[in-house]
Amino acid sequence: MHYLILLLISMVPLIELRGAVPYGIANGIPFWQALSLGVLGNMLPVPIIFFFAHKVLVWGADKPVIGPFFSWCLRKGQKGGKVLEEKAGKNGIFLALLLFVGIPIPGTGAWTGTLAASILGWDFKKSVVVIMLGVILAGVIMGFLTVFGLNVFSH
Numbered sequence: 006m007h008y009l010i011l012l013l014i015s016m017v018p019l020i021e022l023r024g025a026v027p028y029g030i031a032n033g034i035p036f037w038q039a040l041s042l043g044v045l046g047n048m049l050p051v052p053i054i055f056f057f058a059h060k061v062l063v064w065g066a067d068k069p070v071i072g073p074f075f076s077w078c079l080r081k082g083q084k085g086g087k088v089l090e091e092k093a094g095k096n097g098i099f100l101a102l103l104l105f106v107g108i109p110i111p112g113t114g115a116w117t118g119t120l121a122a123s124i125l126g127w128d129f130k131k132s133v134v135v136i137m138l139g140v141i142l143a144g145v146i147m148g149f150l151t152v153f154g155l156n157v158f159s160h
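Quick note on numbering: the sequence shown equals residues 6 to 160 in the working numbering.
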């Protein structure tokens, strides 16, 4: 049951594998299994986000109930992507995307990185590879922090 919960947590926006990997490790799932399943779950929505989220958000941005949230999502994706482009330039954009997805701080991750790549029209294949590398980096960081934290606080 913990394996399924880990997979589902890793697909949730904002939480993603940053919450899934610690959940798995804290519930007895071995580090590499938690990391692998977290990466898989975090990457499953990426193609859907890349190809459909922008269209759905644009469609819903002017709707009465969902409009404010959809507009916020569009602004967040555009802002995140523009910041990456400005800081990294065209040549360093994919390294910046990797670090944006890979450094586990609130507001970054596969969902936001994919949305930014989609909104700004970046190459799908390159974006997915870089996002996956970022997800792996975030999972390794979170896994080591979790193992370290559990060792420190359990003694």
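It is worth saying that the hints were derived from the structure and are not from the lab. From a predicted model like this one, the values you see are computed outputs, not experimental measurements. Don't be surprised by glycine CBs; every beta carbon is placed ideally from N, CA and C. Please note that a few of the clues may not be correct.
Calculated lysine-lysine pairs in the DSSO-like style (CA-CA distance at most 27 Å, straight line) [said to hold, decoys possible]:
#1 K68 - K131
#2 K81 - K92
#3 K68 - K92
#4 K60 - K131
#5 K95 - K130
#6 K95 - K84
#7 K87 - K68
#8 K95 - K131
#9 K60 - K87
#10 K68 - K130
Okay, the calculated beta carbon distance ranges per label pair [claimed, not checked]:
#11 I53 - K131: 35 to 45 Å
#12 K92 - I10: 16 to 26 Å
#13 G33 - G94: 27 to 37 Å
So which of the earlier hints does this model not fit?
Hints 1, 3, 10, 11, 12 and 13 not satisfied by this model.
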